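Spelled out from the first residue to the last, the chains are:
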Amino acid sequence: MDIAKFRDMFLAETTEHLELIVNILLRLDSDPEDQKEIDALFREAHSIKGMAATMEYGEMARLAHHLEDHLDHCRKIGQITRIEIDWFLEAADLLEALLDDIRNNRPESSVDAFTATVPETQPAALPIAAEPQNSDPADSKRNLSIQLSLHETVAAPGPRFLVLLKRLADFGTVLKSTPSKEDLLQGDTPSQLLVQLETDTSPEEISQQLEKYSELQTISFPVAEEKKENKPKNKPIEKTVRISTELLDHFINLTGELITNRYQLQNALKKQDWNELDEGVGQLTRLVKNLHHQVLQVRMVSLESLAGRLSRTVHDLSRSSEKEVTFQTDGMKIELDRAIVEELTDPLIHMIRNAIDHGIEKSGTVSIRAWRERDQVLIEIADDGGGIDLEKIRERALEVGLLTPLQAKSIRNYDLLQLICQPGFSTVEEVNETSGRGVGMDVVKTAVEHVGGILLIDSTAGKGTRFTLKLPLSLAIIRVLIVECADIRMAMPITRVVQTVEIAASEVQSSGKQLMIHYQNELLPLLSLRKILKLPKGGHFDPISVVITEVLGRRIGLVVDQLVRQQEVFIQRLPAPFDQIRGCSGGTILGSGEIIFLLDLQSLFERRRN
Amino acid sequence: MKKRVLIVDDALFMRSMLCDIFSEAGWNVVSEADNGEAAIDEYRIHQPDLVTMDIVMPEMGGIDALKKILLEFPQAKIVVCSALGQKNLILDAINAGAKDFIVKPFQSHQVLEVVGRVVNEL
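Just so you know, the sequences run in chain order A and B. Note that my numbering has the first sequence beginning at 1, numbered continuously upward. Note that my numbering has the second sequence beginning at 1, numbered continuously upward.
Hints listed in this document are in silico derivations from the structure and should not be mistaken for laboratory results. Keep in mind that a hint or two might mislead.
With the Cβ distance kept under 7 Å, some of the chain A side facing chain B (calculated, not the full set) [as the list claims (entries may be wrong)]: (1) A155; (2) A156; (3) P159; (4) L162; (5) V163; (6) S214; (7) L216; (8) K392.
Since this is a predicted model, take the numbers as computed values, not measurements. From the three backbone atoms N, C-alpha and C, an ideal C-beta is built for every residue, glycine too.
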């Protein structure tokens, strides 16, 4: 059995167990006598132990075993203390770190330091509690790997290996053998036998005994490192998702229907029956749409797993900062593309940190809320703290040269707030443990925009701060607006388009050098896409097609030659080195075969500003 | 002191051959038996250092005899003899407690290696 191929599955499952552990611990924090939760916790630790031992991840198995021991104690007492909860959370972090080691093909870090500790237990503790370290009796005996192979001429290799396995059992306890005794009894005829023996006999002595078997070709005692070499090195971890069998059945059905549809179309074509062809294409449209919908489902994950990590962050921070923080979540059942959730995990944690660290003074509420709005998902992180101090931002912006003194006076509050997302901007002079981990708001903003979303900041002095993330549902297939400039068609994600308007040339106003238009009681600067892309100046259009969009936190009107249409497209990232082209974040091939590039307005404007 | 062996096989030819091999190698063949029942009786009388036991025999076969002997004498060292095609029987015998096995047809040095290491096991 090649264990390595189960690694990805192991990683995925253990991660899930770990998330559950943290969630259970946080629930226990509010109800430390919930027997069911303690039992559940025990089962989780037990599952991890079993899986890790099977995969031969010794450190993880040892740690899980240690936890299991202590949980057994908690079960007997019938409750778990806060100190214990913190201890278990610490252990969860350690498990996470071990998973990380495994994921990156590193040897597991030692858990010795942790397994040497036991949380302080409640006074009512049973005597057992005093020494749960006895969980590790393997110290006096050694764990020996023995690998045996037979000469090719040996008459009955299966029975021979069975005899050898039994013989080895005379020297200690066979922890594991490949193949197992049962497999051998079933008639397995392996080419070699690998035995994990717990023994106090030296390898030399065992080797001497084994040399009496002339049937043996090789006797070796592989050490752990050698064993690892059997496993593929640096094999990239495949990202895995679990999908329900029901969904798989849907796929099969759809595939079946598509095959039928193909014949229908071929037939219609042969007969040149245009009506039937038309019907077939209609059918195909329905099927593909359905398929697309189902495939998207596979990629979708709910925000619940994320909520677990966030409430963990709140828990830890409120403890360490001695602030009383209530954490509210809403809409965590909302589903988003897995890639988006992964990309946003760190930024969201950072925003939560910010809220607790800078927003809330002594006590307050931090909330995360998610909801759907057409084909967008909105996530809002809010706190009811003091709000962002606009004056401080103004000072800081002047200091680092983001604003000229003149701009500092005239800038609107909304625009001022957006400045906290500028690289290098930070109003906190001293770096503290909570927020000083190098992830600034600029990183948050970049991450949100990277997945095609928009970050909005809103803050009222004395009432709190609210960050809103407007996100697309999925990354790969998105709805785009296709526009044309100088006979070149380009696409922009619909999520970035506020509205498209056609205005008469006479409606354009000018303010100094800048052209402006009126839009919903606001004056928006009017910019030409031709100019931005350094395309030749074109003829004048009237009416003028304008895309109202939001870049760098400001609304602008973008002039294009022509608005073509909206459609769903499958966006492919451009391969290196084309991925370095600023202003272009991908491409797609239209039904006509035409290649269209996806405009990344954000980076276009950044380039322009620089 | 010479090691004492009991040879169990329903074929006279096999018994004679094993008898020669053991005698030439300096063993003391204390008795022979041609079926399982007889093997148990002979074992009780002689309690030899080693038994070579054919698996397929009329009336009581080798595996049953082996189990009964081991039930009574857990320390008994029994090596089974079988033809190559009977791999599953060999596996069953080992599972039932046979120390080792000899595959027929055999050569004298193979037999002596197997029985030698079995009687010298600690």
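Hints and how they fare:
1. A155: This interface hint holds because 4 Å falls under the 7 Å limit.
2. A156: holds (6 Å)
3. P159: At about 4 Å, which falls below the 7 Å cut-off, the nearest Cβ of chain B leaves the hint on P159 of chain A intact, so it holds.
4. L162: For L162 of chain A, the interface hint holds, since the closest Cβ of chain B sits about 5 Å away, which is under 7 Å.
5. V163: holds (5 Å)
6. S214: holds (6 Å)
7. L216: violated (12 Å)
8. K392: violated (80 Å)
Checked against the numbered hints given earlier, this structure breaks hints 7, 8; the rest are met.
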